[in-house]
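So the sequences go chain by chain: D and E.
Mapped onto this note's numbering, the consecutive letters of the first sequence carry residue numbers 1 to 222.
Mapped onto this note's numbering, the consecutive letters of the second sequence carry residue numbers 223 to 447.
Hints listed in this document are in silico derivations from the structure and should not be mistaken for laboratory results.
As the structure is a computational prediction, the values presented were derived from the model and not from experiment.
Careful: at least some of the hints might be erroneous.
So the derived label-pair ranges between C-beta atoms look like this [unchecked claim]:
hint, chain 1, residue 1, chain 2, residue 2, range
1, E, Glu-266, D, Ala-68, 25 to 35 angstroms
2, E, Asp-345, D, Lys-200, 45 to 55 angstroms
3, D, Lys-200, E, Glu-383, 56 to 66 angstroms
Virtual Cβ for every residue (Gly too), placed ideally from N, Cα, C.
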Amino acid sequence: MINKIVEDTRQAIQGIKSGDTVLIGGFGDAGVPFKLIEAILRTDVCDLTIVSNNAGTYKRGIEALLLAGKLRKIICSYPRSSGATAIVELWKNRQVVLEVIPQGTLTERIRAGGAGLGGFYTPVGVNTLIAKGKEVRVIDGKEYLLEKPIRGDIALLKANKADRYGNLVYNKSARNFNPIMATAADIVVVEVNEIVELGKLDPESIITPGIFIDRVVLGGQK
Amino acid sequence: MKYLPLTERQIAWRAAQDVSDGTYVNLGIGIPTLIANYVPEDREVIYHSENGILGMGPEPMPGEEDPDLINAGKFFVTILKGGCFFDSSLSFVMIRGGHLDLVFLGAFQVSEKGDIANWTTGDERTIPSVGGAIDLAVGCEDVRVLMRHTTKTGEPKIVKECTYPLTAKKVVKRIYTDLAVIDVTEKGMIVREIINGYDFDKLKSVTAADLILDENWKYLIVPEI
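Put together the whole structure using the sequences plus the hints.
This is the structure we're talking about:
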């Protein structure tokens, strides 16, 4: 019998180790797996590289990981935000490596990682600081940058509902990066608001098919 | 003659008059966000938000905020009838793939060729943050900029060549400032509208790029808002 549901967040993140690249879903606070991130705080893993759209705010989520000294590097599109103080301080003091990527390139690099592609050519970033060190290729008269795939050792995601197969539906704009990241890590873990019986999710409405998911844990209401 | 530069709301009002019925529009953070308040009511416009919304509505009534329903600036919003949600990848397929009709952005500088600098000043003390700025500037055929004509210290923001790090080259089609409406064309920057009490010579003195005055130029007239 397939049952991806685990009892608690400690079991959910099992296998995470120091030095790992961790994909974390969310945009702002919407769709961030806060309970799974808290579970990392209770382990002794460190030296992590985080891939996420933002870099955390108000001592929660990714900011809590930064404050706990668990991160070596953050790959994101928009670290600046009201309430984002840890990333600014640590970046200024060179205590964390920051790589800033255009948002559409970030999501597509993760998509490429999940889709088994070696990268893609995008016009985004041509003639900008983003192009530094990247191959420029002219295709049909237009310039493009080669962007390489991103994959994680583990992905921590947030969804609204799951069944025991790991089929997922999301809530409103809390979907964001979660379905893409679900495809692009060796271990994919989802924190959900609700677990439902198999068959309760409309097959026409499932956003992330369970094939991508390894573990599901109930995180409680948002 | 006395003149009054437009307020941010008035700049947004002017830009809003150019939003056609039936268009898909992305409003960047800052002054562009205000545009939605001033689009004439008889026009049906669908607003896109990078974080995965089409059909985004105004901010919710107090008490009705949903932490899972925010815009790209992370403010609470609503969704209108016919709206939908999607993931970030599909959202940027819409942007990069040229599916949006209009994108309005703020900017630090715009060059006379339509280059835009709007994501970083290159100041090493400020944490770089790009978000969707480059994708939006590159992906849409019709990118328009709303900004003050000069910086707080009076430096021109419309320039020959951008000195701040570029967001994208040759993408801006029209600029709305507190003094004028200017089109970026093959022939150069053409001034279409100037505020009352101001004139072309004064405009040239606060602009660091060559300007051409449209022979049919008009006064830039906006309501008190």
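Taking the earlier hints as the rules, which of them does this structure contradict? When the structure is compared with the hints, only number 1 turns out to be violated.
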